[in-house]
Amino acid sequence: MSSTLVAKPLAQPTLRRRSRRRRWTAEGVIFTTLNTTFLLLLAAAMIYPLLNTLATSLNDGMDAVRGGIGIWPRVFSLKNYEVVLSMHTIYQAFFMSVLKTIVVVVTNLLFTSMLAYALSRNEFIFRRPITLIFVLTMYFDAGLIPNYLLIRDLGMLNSFQAYWVPVMISAFNLIILRTYMKSIPEEIIESARIDGAGEFRTWWLIVMPLCKPTLAVVGLFVAVGSWNSWLDTLLYNSGEQWLSTLQYELQKLLASSMNAGANSGGNAASAASVAQGGQVTTPISLRSAITVVAAVPILFVYPFLQKHFVSGLMIGSVKG
Amino acid sequence: MTDATVSTLVAGSGPEPDPEPANGSRSGKRKARTNAAKDPRREITWDRIWAQRVLLAMAVPLLLYQILFKYVPVYGWAIGFQDYKPGRGGIWEQEWVGLENFVDLFTGVNGERFARVVANTLGQSTLTLIVGTFGAIVLALLLNEVKNQPFKRVMQNITYMPHFLSWVIVASLASVALSLPSSGGFINQALMSLNLVDEPILFLTEPNYFWGIVAGTNLWKELGWNTILYLAAITAIDPTLYEAAEVDGAGRYRKMFSITLPGIMPTIVVLLIINSGWILSTNFELPYFLGNGLVSETAETIDVFVLRYGYELGNYSLAVVAGIFKTVVAIILVGSANLAAKRLNQETLV
Numbered sequence: 001m002s003s004t005l006v007a008k009p010l011a012q013p014t015l016r017r018r019s020r021r022r023r024w025t026a027e028g029v030i031f032t033t034l035n036t037t038f039l040l041l042l043a044a045a046m047i048y049p050l051l052n053t054l055a056t057s058l059n060d061g062m063d064a065v066r067g068g069i070g071i072w073p074r075v076f077s078l079k080n081y082e083v084v085l086s087m088h089t090i091y092q093a094f095f096m097s098v099l100k101t102i103v104v105v106v107t108n109l110l111f112t113s114m115l116a117y118a119l120s121r122n123e124f125i126f127r128r129p130i131t132l133i134f135v136l137t138m139y140f141d142a143g144l145i146p147n148y149l150l151i152r153d154l155g156m157l158n159s160f161q162a163y164w165v166p167v168m169i170s171a172f173n174l175i176i177l178r179t180y181m182k183s184i185p186e187e188i189i190e191s192a193r194i195d196g197a198g199e200f201r202t203w204w205l206i207v208m209p210l211c212k213p214t215l216a217v218v219g220l221f222v223a224v225g226s227w228n229s230w231l232d233t234l235l236y237n238s239g240e241q242w243l244s245t246l247q248y249e250l251q252k253l254l255a256s257s258m259n260a261g262a263n264s265g266g267n268a269a270s271a272a273s274v275a276q277g278g279q280v281t282t283p284i285s286l287r288s289a290i291t292v293v294a295a296v297p298i299l300f301v302y303p304f305l306q307k308h309f310v311s312g313l314m315i316g317s318v319k320g
Numbered sequence: 001m002t003d004a005t006v007s008t009l010v011a012g013s014g015p016e017p018d019p020e021p022a023n024g025s026r027s028g029k030r031k032a033r034t035n036a037a038k039d040p041r042r043e044i045t046w047d048r049i050w051a052q053r054v055l056l057a058m059a060v061p062l063l064l065y066q067i068l069f070k071y072v073p074v075y076g077w078a079i080g081f082q083d084y085k086p087g088r089g090g091i092w093e094q095e096w097v098g099l100e101n102f103v104d105l106f107t108g109v110n111g112e113r114f115a116r117v118v119a120n121t122l123g124q125s126t127l128t129l130i131v132g133t134f135g136a137i138v139l140a141l142l143l144n145e146v147k148n149q150p151f152k153r154v155m156q157n158i159t160y161m162p163h164f165l166s167w168v169i170v171a172s173l174a175s176v177a178l179s180l181p182s183s184g185g186f187i188n189q190a191l192m193s194l195n196l197v198d199e200p201i202l203f204l205t206e207p208n209y210f211w212g213i214v215a216g217t218n219l220w221k222e223l224g225w226n227t228i229l230y231l232a233a234i235t236a237i238d239p240t241l242y243e244a245a246e247v248d249g250a251g252r253y254r255k256m257f258s259i260t261l262p263g264i265m266p267t268i269v270v271l272l273i274i275n276s277g278w279i280l281s282t283n284f285e286l287p288y289f290l291g292n293g294l295v296s297e298t299a300e301t302i303d304v305f306v307l308r309y310g311y312e313l314g315n316y317s318l319a320v321v322a323g324i325f326k327t328v329v330a331i332i333l334v335g336s337a338n339l340a341a342k343r344l345n346q347e348t349l350v
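Sequence lines, in order, name chains L and D. Quick note on the working numbering: the first sequence kicks off at 1 and runs consecutively. Quick note on the working numbering: the second sequence kicks off at 1 and runs consecutively.
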């Protein structure tokens, strides 16, 4: 993408909205009706699976096996959530996911922005070669098993470090932050110099506060990525139950139901009941409840995300 | 692989791969080069290095970190040339076998399986790319025709949302949606109540459906998200073109097909080219989660092969060879795709 291609629209929209007049013609009315109908159907298709899962998770487990639950629970019950919350593994996985996400966001933002500051300084002599080395990593990956062997040889298997150390810096976010820092007027940084601030202090006290909006966007994306990841748990930390994450627990449930499905000829969840701590539920209900628990934090930050992600995407495209 | 979102974002938003932007980069580079020759400020001397010691202290440890975690793992490629047995100890105590693993992977029984794996990777990615691009263009055009701004915003926010759900959740939703009605399979239920089928279709056990399921699920997840760049390109179209067309009596459809669509054509082409560079790297989670034994002939992709056959069964050598193959081909593809996009960019946009 060229920078002109994306940079332009930001300046233009008001001009265009004014120039278009609204005219009602037969063609226009028919088109608008069809278009609105289509978009509403599309939105329904996007939301239905989520509402269906929510309804199933709030429905009685034995009743859900009969099928036919729409977007409203048929026999309302909170039992599935009681079961999920009484499962020690899920509990622990939830807190591990939260802890991991927080640590990844903090370390990633800290180190990526520190490096971005150094690379945004025009006078920095090794700016170009260092940037190139980082950018190339967006396109080069040694592969799954070599990466696994490195973590193993560093002695980080089955440790919390395996979650945050390998993802301390993201080349893509580095470019976004560097671009934003470059747009900060040189005078601000020079005045900090005159007041006696060194590079480190300039970065922490002057540049970082100015980058808050971009840091927020980048941080949210990092958080979503970390919350959603499961492969790191599978590869590096599946040997220790206390390091398990919510996505990985959900993946294990999904895998067992897929295997059961393959064996019973396509029925993705067998009707067998699951007894857990004196409660009775069914795999399908249990899976729905865990899916909701895993999705809710994302849906919770979504309003904040959607306010910012377009601008974040634009910054990414308009780098220079 | 852990930040797949970022890599799709890179692929989707398609920023320039190198630190130089496509436009004006030439003059920028030239200036920098002449500066480096003339300007004493850019010369590398011990004095300058000492003066910039704080910047160096901020950058160099992280540079070493990045080299350790992204470039050093290449030593693992040695396993591709060994008969790797974990019991023998470390990587340097293994038996070297030259290119034997490469011959093994590309010929004979394994060769047939690997050819199928490559075909599945290409097939699933291509279908996903075509369906996804087409869908996103259509949706962008339709959203652009919505004049009611709040309605448009609500529609955008709803269609963007699935992008942020994890692949585990999306695969879980898909497996429920496609299952039998008794397991909550509402797609079968809808088909049956509309009398389109008499018996529920066993979507996830029928190999012929698998590529379509991958493409369809990808469409559901990324459709709205993929419209963002097209919508941005649409707002960049010169509004006087629409006015001129209106004066000439062009209706809504005429404007859509003769102004909007040609207006975003360069974006479409550039994004298609850049995304096709990622064709070996894109689909991993869905075939891994949804592919069971019954559909593995169409489900297994290169990454799934590496994870299942290599990591889970401990056949490191063959899996590493498959990984080397993927990385090398992917670099060639991504490199040429970016080159092509850049060249095209300069011809059509500048």
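Derived from the structure by calculation, the hints contain no laboratory data. Please read all numbers here as calculations on a predicted model, not as lab measurements. Just so you know, not all the hints are guaranteed correct.
Quick partial rundown of chain L residues pointing at chain D, CB under 8 Å, derived from the structure [stated by the list, open to error]:
| # | residue |
| --- | --- |
| 1 | 124 |
| 2 | 159 |
| 3 | 293 |
| 4 | 295 |
Every residue, glycine too, gets a C-beta built ideally from N, C-alpha and C.
Original post:
Under the criterion of a CB-CB separation shorter than 8 Å, is residue 124(L) in contact with chain D as hinted?
Top reply: With a minimum Cβ separation of about 5 Å from chain D (threshold 8 Å), the hint on residue 124(L) holds.
Original post:
Minimum Cβ distance from residue 295(L) to chain D below 8 Å?
Top reply: 5 Å, holds
**OP:** Let me know if the C-beta of residue 293(L) comes in closer than 8 Å to any C-beta of chain D, holds or violated.
**Re:** 10 Å, violated
**OP:** Against chain D, run the beta carbon of residue 159(L) and see if the smallest gap drops under 8 Å.
**Re:** 15 Å, violated
Hints 2 and 3 from the earlier list are contradicted by this structure; the remaining hints agree with it.
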